[in-house]
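Novice: Given the sequences, and given the hints that come with them, work out the whole structure.
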Amino acid sequence: MATSISLSRARSDSPLVNALSVVPGVLLLAGIGYAGKVLEHSVNAYAKAHHWTFPNIEYVLWAILIGLVISNTLAIPRIFHAGIATYEFWLKIGIVLLGARFVLADVLKLGGISLCLVVIEITLSLALMTLLGRLFKLKPKLTSLLAMGSAICGVSAIIAAKGAIDADDEDASFAMAAILALGALALFTFPAVAHGLHMNDVSYGLWAGLGVDNTAEATAAGALYSDAAGKVAVLAKTTRNAMIGFVVLAYAIYWAGRGQAEAVTNRAAFLWRKFPKFVLGFLLMSLLVGFHAFSKPQIASLGNLSKWAFLLTFAGVGLRTNFREMSKQGLRPFVVGALGEVLIACLTLGLVVGANRIWGL
Amino acid sequence: MSDLTSTTTTSAKRNTLSLDGWAVIVALLLALAVRFNVLKNIPW
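Chains as they are written, first to last, in the numbering used here: chain A, 255 to 615; chain B, 114 to 157.
In short, the hints are calculated from the structure, not lab data. The reader is advised that the hints may include incorrect statements.
[To be verified] So the derived list for chain B, only partly shown, Cβ under 8 Å to chain A, looks like this:
no., residue
1, Asp133
2, Gly134
3, Trp135
4, Ala136
5, Val137
6, Leu141
7, Ala144
8, Leu145
9, Val147
10, Val151
11, Lys153
12, Asn154
[Said to hold, decoys possible] Under the rule of at most 20 Å between Cα atoms (straight-line distance), these lysine to any residue pairs were calculated in the SDA-like manner:
no., chain 1, residue 1, chain 2, residue 2
13, B, Lys153, A, Asn558
14, A, Lys528, B, Val151
15, A, Lys550, B, Leu152
Glycine included, each C-beta is placed from N, C-alpha and C at the ideal position.
Specialist: This is the structure in structure tokens:
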């Protein structure tokens with residue numbers, strides 16, 4: 255990960271030492287997440303008791319805000335770093351468990367619609383970011399990384415592509431910083447725009463899943479609107495994530511053809527290596543629910559476990575976002591990223607509105 | 114030095130499961146725990 259946003263992990267040969275090294279950070283994530291949940295209830299109860307008209311601020315936003323305040327005002331002690339870096343692990347566990355809350359028919363219907371929209375979104379995003387990169391004279395590989403980051407799944411796509419196209423560490427850092435900074439802004443702008451447009455949960459969830467790049471931010475942006483929108487956002491984002499292997503493979507072949515990356519010898523193995531396995535876990539859970547492997551209370555328990563896992567993720571999203579460090583990465587990639595993201599957000603909004611008219615979401 | 118290299122290589126080979134893979138395994142173990150009532154009535 256980029257130096258600006260990376261949180262170094264303790265490395266040891268002993269699995270026990272490695273496991274213990276994450277405990278303080280995980281406890282911090284849990285503490286911040288739980289504080290967000292407590293704040294949601296207490297602020298709402300206080301506002302209600304005093305007859306205030308106060309917007310309902312969800313735990314998601316509280317957890318992210320507390321994390322943001324800590325990471326941008328205090329130096330987080332090293333002892334917490336390894337545990338904070340586990341936020342993506344909790345995100346993926348949360349997504350797999352969330353599969354239990356989807357009936358397979360819903361996955362197939364919404365997933366089918368998502369897949370159509372994702373293919374269009376990826377094509378448009380790649381073309382748009384490539385064009386903007388050329389207009390702003392960014393380095394070609396940095397442009398490729400930004401294009402993949404904004405078309406598929408943010409940081410994961412950039413990390414997956416970095417090795418495949420033999421890009422510089424510096425380019426990857428630039429691209430990740432731009433994508434992460436814009437993802438943080440999307441957390442506040444997407445729900446505000448959607449409220450302004452009175453979007454329904456499914457339409458908004460699809461838009462967040464298509465328009466917000468990083469999986470953690472897309473999940474948070476969806477959950478900020480409503481629980482139902484959060485579910486759809488995860489489904490749309492998971493569909494987008496599933497495309498990562500194909501797009502990275504295409505770029506790897508392109509750069510290898512130009513003699514600037516290693517040739518891909520076994521394409522099937524390459525696709526499997528890059529494929530996000532949590533997508534399969536999500537589908538498996540949905541399939542198990544379809545075969546009635548769980549009772550209703552058990553499905554509710556799995557849904558709640560998924561929410562707890564996401565709670566740690568949302569705290570991590572805030573904690574790893576340090577605007578001062580990100581600003582050191584330079585303005586040009588950020589401008590290209592911002593322009594591209596605004597255009598992609600408008601395009602995906604248009605796609606969702608169109609899909610709503612055709613399929614009645 | 115060679116011992117160290119060989120230990121590192123063995124360790125690297127042993128830890129080939131990705132973060133995604135571990136996440137899926139942990140999630141499925143949690144699902145099994147819920148299925149067989151080891152974990153029940155998880156509150157929110």
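Novice: Each of the hints needs a verdict: does it hold here or not?
Specialist: Hints versus structure:
1. Asp133: It holds, given that the least Cβ distance between B/Asp133 and chain A is near 4 Å, below 8 Å.
2. Gly134: With a closest approach of 5 Å, the B/Gly134 hint holds.
3. Trp135: Interface hint status for B/Trp135: holds (7 Å vs cutoff 8 Å).
4. Ala136: Result: holds, 3 Å to nearest chain A Cβ.
5. Val137: The hint holds - B/Val137 has a Cβ within 8 Å of chain A, the shortest such distance being about 4 Å.
6. Leu141: Check passed: Cβ of B/Leu141 comes within 7 Å of chain A, closer than 8 Å.
7. Ala144: holds (6 Å)
8. Leu145: Given a least distance of 10 Å, the restraint on B/Leu145 is violated.
9. Val147: With a minimum Cβ separation of about 5 Å from chain A (threshold 8 Å), the hint on B/Val147 holds.
10. Val151: With Cβ-Cβ at 11 Å, over 8 Å, it is violated.
11. Lys153: Holds: closest Cβ of chain A sits about 6 Å from B/Lys153, inside 8 Å.
12. Asn154: With Cβ-Cβ at 6 Å, under 8 Å, it holds.
13. B/Lys153 <-> A/Asn558: holds (11 Å)
14. A/Lys528 <-> B/Val151: violated (34 Å)
15. A/Lys550 <-> B/Leu152: Answer holds: A/Lys550 to B/Leu152 is near 14 Å, not above 20 Å.
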